[in-house]
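Number of protein chains: 2
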Amino acid sequence: MRDVAIIGVKNTKFGELWGKSLRDIVVEAGAGALEDAGIGGKEIDSLYVGNMSGGRFIDQEHIGALIADYSGLSKNLHVPATRVEAACASGGLALRQAIMAVASGYNDIVIAAGAEKMTDVGSEEASSALAAAADREWEGMAGATFPGIYAMIARLHMHRYGTTSEQLAEVAVKNHKNGSLNPIAQYKNRITVDDVLNSIMVADPLHIFDCSPITDGASALVLAPADIAHKYTDTPIYIRATAQASDTIALHDRRDITTLDATVVAAKRAYSMAKLKPEDIDLVEVHDCFTIAEICAIEDLGFAEKGKGGIVTANGETAIGGRIPVNTSGGLKACGHPVGATGIKQAVEIVTQLRGEAGKRQVEGAEYGMTHNVGGSGATAVVHIFSRER
Amino acid sequence: MRDVAIIGVKNTKFGELWGKSLRDIVVEAGAGALEDAGIGGKEIDSLYVGNMSGGRFIDQEHIGALIADYSGLSKNLHVPATRVEAACASGGLALRQAIMAVASGYNDIVIAAGAEKMTDVGSEEASSALAAAADREWEGMAGATFPGIYAMIARLHMHRYGTTSEQLAEVAVKNHKNGSLNPIAQYKNRITVDDVLNSIMVADPLHIFDCSPITDGASALVLAPADIAHKYTDTPIYIRATAQASDTIALHDRRDITTLDATVVAAKRAYSMAKLKPEDIDLVEVHDCFTIAEICAIEDLGFAEKGKGGIVTANGETAIGGRIPVNTSGGLKACGHPVGATGIKQAVEIVTQLRGEAGKRQVEGAEYGMTHNVGGSGATAVVHIFSRER
Numbered sequence: 004m005r006d007v008a009i010i011g012v013k014n015t016k017f018g019e020l021w022g023k024s025l026r027d028i029v030v031e032a033g034a035g036a037l038e039d040a041g042i043g044g045k046e047i048d049s050l051y052v053g054n055m056s057g058g059r060f061i062d063q064e065h066i067g068a069l070i071a072d073y074s075g076l077s078k079n080l081h082v083p084a085t086r087v088e089a090a091c092a093s094g095g096l097a098l099r100q101a102i103m104a105v106a107s108g109y110n111d112i113v114i115a116a117g118a119e120k121m122t123d124v125g126s127e128e129a130s131s132a133l134a135a136a137a138d139r140e141w142e143g144m145a146g147a148t149f150p151g152i153y154a155m156i157a158r159l160h161m162h163r164y165g166t167t168s169e170q171l172a173e174v175a176v177k178n179h180k181n182g183s184l185n186p187i188a189q190y191k192n193r194i195t196v197d198d199v200l201n202s203i204m205v206a207d208p209l210h211i212f213d214c215s216p217i218t219d220g221a222s223a224l225v226l227a228p229a230d231i232a233h234k235y236t237d238t239p240i241y242i243r244a245t246a247q248a249s250d251t252i253a254l255h256d257r258r259d260i261t262t263l264d265a266t267v268v269a270a271k272r273a274y275s276m277a278k279l280k281p282e283d284i285d286l287v288e289v290h291d292c293f294t295i296a297e298i299c300a301i302e303d304l305g306f307a308e309k310g311k312g313g314i315v316t317a318n319g320e321t322a323i324g325g326r327i328p329v330n331t332s333g334g335l336k337a338c339g340h341p342v343g344a345t346g347i348k349q350a351v352e353i354v355t356q357l358r359g360e361a362g363k364r365q366v367e368g369a370e371y372g373m374t375h376n377v378g379g380s381g382a383t384a385v386v387h388i389f390s391r392e393r
Numbered sequence: 004m005r006d007v008a009i010i011g012v013k014n015t016k017f018g019e020l021w022g023k024s025l026r027d028i029v030v031e032a033g034a035g036a037l038e039d040a041g042i043g044g045k046e047i048d049s050l051y052v053g054n055m056s057g058g059r060f061i062d063q064e065h066i067g068a069l070i071a072d073y074s075g076l077s078k079n080l081h082v083p084a085t086r087v088e089a090a091c092a093s094g095g096l097a098l099r100q101a102i103m104a105v106a107s108g109y110n111d112i113v114i115a116a117g118a119e120k121m122t123d124v125g126s127e128e129a130s131s132a133l134a135a136a137a138d139r140e141w142e143g144m145a146g147a148t149f150p151g152i153y154a155m156i157a158r159l160h161m162h163r164y165g166t167t168s169e170q171l172a173e174v175a176v177k178n179h180k181n182g183s184l185n186p187i188a189q190y191k192n193r194i195t196v197d198d199v200l201n202s203i204m205v206a207d208p209l210h211i212f213d214c215s216p217i218t219d220g221a222s223a224l225v226l227a228p229a230d231i232a233h234k235y236t237d238t239p240i241y242i243r244a245t246a247q248a249s250d251t252i253a254l255h256d257r258r259d260i261t262t263l264d265a266t267v268v269a270a271k272r273a274y275s276m277a278k279l280k281p282e283d284i285d286l287v288e289v290h291d292c293f294t295i296a297e298i299c300a301i302e303d304l305g306f307a308e309k310g311k312g313g314i315v316t317a318n319g320e321t322a323i324g325g326r327i328p329v330n331t332s333g334g335l336k337a338c339g340h341p342v343g344a345t346g347i348k349q350a351v352e353i354v355t356q357l358r359g360e361a362g363k364r365q366v367e368g369a370e371y372g373m374t375h376n377v378g379g380s381g382a383t384a385v386v387h388i389f390s391r392e393r
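Same order as they appear, the protein sequences are chains A and B. Going by this note's numbering, the first residue of the first sequence is number 4, and it counts up by one from there. Going by this note's numbering, the first residue of the second sequence is number 4, and it counts up by one from there.
If you are wondering where the hints come from, they were derived from the structure by calculation, not from laboratory data. Treat the hints loosely; a few may be bogus.
Just so you know, same-sequence chains aren't split out, so a pair can sit in one copy or run between any two.
[What the hints assert, rightly or not] Keeping only pairs whose Cα atoms sit at most 27 Å apart, straight-line, the calculated DSSO-like set for lysine-lysine is:
#1 Lys309 to Lys234
#2 Lys78 to Lys280
#3 Lys180 to Lys311
#4 Lys271 to Lys45
#5 Lys23 to Lys191
#6 Lys23 to Lys78
#7 Lys278 to Lys45
#8 Lys278 to Lys311
#9 Lys363 to Lys309
#10 Lys271 to Lys311
#11 Lys271 to Lys78
#12 Lys191 to Lys45
#13 Lys278 to Lys180
#14 Lys278 to Lys78
#15 Lys191 to Lys278
#16 Lys280 to Lys311
Please read these numbers as outputs of a predicted model, since none were measured by experiment.
With the hints as constraints, model all of the structure from the sequences given.
This is the structure we're talking about:
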C-alpha cells in the first residue's frame, strides 16, 4: 500500500447560495482544488463525491456523473466518477474511497469532493430529507427529528455527568468565534452564552444556537501518491490513517446513547493505523451537528475523560491556543453544514492548518490533525489523521 | 494488487414484493450469500451496497448503515458499510469498490450488495425518481423521461442502420424466454414478436414490452482474495477485470447518441486489463433497460458490428446456444430491474453460469463471462470480466 498525500484543496463559500446550483458550486470547488495543485483535468484518474440527498434536495441522483460532466472530465476523458453516501458522513467516506484508490495503486491523481445544495427546498422538506439519515421505520415514522434525537443524548449526558446548558452553549460560542476568523463561514457573528440560552428552544435542552444550520456548499481535495507529491506542491499534507465504523442506525438499539461506539471504534482503528495517541494530535475537526455532539466527540476520540467534555470546553481547552483546538473552521455550527460536503471541508481545514495557511485562526506549530465525520446519530463514523511531515 | 474471487452469491426473488421492506430483502440476499460461501458475519471486513434512490423510494438514506445494522454487522462488529450510487449502475460500482477493497489488501472478505425497493410508491413518483438519473436541468425539467430518451436513441438507430421494430421485439422475446428458465425472474411468461408490437406504445417506437419493469429485489456477492478462495468453495469464480467510464449526463451533449461512449471506453479498459477480446467471452449480461439498449450494448461491447445488433439478435446469435448468449438471466427486461441491485444480479448470473449451476439456461462449457451495467442513458458504464479458471 502506498502513502497518500493531499496536494490541492478548495472550499466554496458556505451559506445560502441561492444564485448557484449544485453543479456550479462543485465545479468551483473542484477547479479551485486543481488550481491549488497546479494540475489540469487530463491528469485526473478518478473522482469520488460525497452527497447525501441530491434526490430529495434538487431532484437529481447520479451525482458523480453530473459532476464529472460539468467539470469537463466526461466527454473526452471519461473519468470514472462515483458518488458515496452515508448521510452526513458522505464526504468523509468519499475521502476514504479516494485514499483507497490511490493507496492501492489503482489510481494516481484522484479528486475527493463533497457537496450539498440544501436551500432550494423549504425547511420542512429539508428536515424530512435529513430525517432519512435516521431509521425511517423506527425513528422517522415515530416523529423523531435529529434535534429530538440529539436532545435525548444531551438529556442523558446532563443527567449522568452533570453537563449543563451553559457548557453546551460554550461549544457554540467557541465555534462562532472561530467562524468569525474563517472567510468561508456561513456565520461570522460572535455570540455569548446568554445569546444561546435566550435563543428559541428547538428540542429541549437544545436551543437553536445549539444546532448547526441548513447550508449550501462544496469542498474538494486533490490526492496523489506521497512519492510524487512534491512534484506538485511544496507543502503536501500526508494521510496517516483512514478508519470507518458502523453502529445501529436507531438510537434505541445502542449500548449507551452518550457514547457513539462507531466514533470510539473508528478512532481506535485510526490511532492504531497511525501509531499515534490522542496526546499527539494538535487539532481536530469534529462533527458538531449539535453542541452536545462536540462534547461526546471529544470524549469518544480520547481528548477528554468521559463526562468531562463540557468542563473541558468551558475551561477553554478546546479553543485556539488551548490544549487541543477543536473546530478551528467554526465547525458545522458556524462554518455551516452542507451535509455531503462537511467531511471534505473538515479535511480542507486540517490541510490549511498543517500548511500554516490558516491566518488568524492558525494553530501554531501544528504537526498532526484529525477529522471526525458522523452519519446520522452515529450509525457511521469516519476518522482521518493527517501529518505535516511524511 | 491481489487477484479477487467470488465465493458466495444470492438473489432474492425479483418482482412486486409488497410484503417485504428494503431491509428484509437485503438481509435475505446477504445472509444467503454468506450461507453460500459457508461463512459467518464475524469474518466480514466491509460492506458495499448499491442503491439508487432510497431517499425517493422509501424515504431512507444512509443505506449502508441500515443494511449493516439489520444484517447484525453493526452493534458488536462495527463493520464499515458504504453506499455507492450511480443511478442504475449503482450495483456495478458497488462491486467495483468491493473488488478494489480486496485487491488492495485493505480488506479480505467483503460483501458487495445491491438493492432497490421501488413498488412502495406510485408509478408517477417512481418515474420521477428514475428521471433523477438524467440531467435534471436539461432533460428532466424539459419533460424527458427515460423511455423518451431511449426512444430517441432507437429512432436514430433505425434511421441510420435500418434497425426495425421487429428486431427490437426479438430482444424482448429472447429475454422473456430466458426469464422463463430463471426461478427468480419477475416475468416468466414467454412472448412473441406480435405480442411486443401489439402492446401499448410508451414512447414511439418503444412499446411497453420494449421496456424493463419497476421491480423490488436484492442481490449479494461475497468476495475474497483468490489465494484463499478454495478454503471456502470448490468453485470460486475469478475477477479478471473491473473498468468504469463516464460520459455526459445529457444525451444532447454526446458525440453520437447511438453509441454509448462510456460503454465503449469501459469495455476497452476491461479487455485490456483482462488481456482478452470479445471473441473470448462466452456469455454476457448487458444493461437492457430498453430493447434498443441491448442492441447498442452488444455493438459497443464488440459482439456485433455497429448497426448490426438488431440483425444479430434476430438471427439467434445472442440466444442460449448461439454465438454469444446475452442476458441468460432474462436481463432487466424479464428478470426485472431493481435499479440498485441490477449490477450485482448480473454478476450473480455470471458466477452461477461459470459454476455450471444455471440449470435449464446453462451455457455449456462457459469459461469467461462479462457484465455491463449502465447509469442513466450512459453517463456511467461499468464492465466486469469473470473467469472459471484463475
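Can you tell me if Lys309 and Lys234 fall within 27 Å by alpha carbon in one copy, between copies, both or neither? Classified as neither; 44 Å inside a copy, 44 Å across copies.
If the cutoff is 27 Å on CA atoms, where do Lys278 and Lys311 land: within, between, both or neither? Let me know, please. Within one copy, since 25 Å is at most 27 Å while 60 Å is not.
What label fits Lys271 with Lys311 when the C-alpha limit is 27 Å: within, between, both, or neither? For Lys271 and Lys311, the Cα distance is within 27 Å only inside one copy (20 Å; across copies 58 Å).
Homo-oligomer pair classification [Lys191, Lys23; C-alpha up to 27 Å]: Classified as within; 21 Å inside a copy, 48 Å across copies.
Intra- versus inter-subunit Cα pairing at 27 Å for Lys78 with Lys280: Between copies only: 25 Å across, 46 Å inside.
How do Lys278 and Lys45 come out at 27 Å by Cα distance, when the copy is not named: within, between, both, or neither? between (36 Å within a copy, 25 Å between copies)
Checking an output row: Lys278 and Lys78, CA cutoff 27 Å. Within, between, both or neither? between (43 Å within a copy, 26 Å between copies)
Under a CA distance limit of 27 Å, which applies to Lys363 and Lys309: within one copy, between copies, both, or neither? neither (31 Å within a copy, 62 Å between copies)
27 Å Cα threshold - placement of Lys78 relative to Lys23: within (23 Å within a copy, 41 Å between copies)
Lys191 and Lys278: within-copy, between-copy, both or neither at 27 Å Cα: Close neither inside one copy (37 Å) nor across copies (57 Å); limit 27 Å.
As a check of your reading, is Lys280 near Lys311 (CA-CA no more than 27 Å) within one copy, between copies, both or neither? within (19 Å within a copy, 64 Å between copies)
Treating 27 Å as the Cα threshold, decide for Lys191 and Lys45: within, between, both or neither. neither (38 Å within a copy, 47 Å between copies)
When the structure is compared with the earlier hints, violations turn up for hints 1, 9, 12, 13, 15 and for no others.
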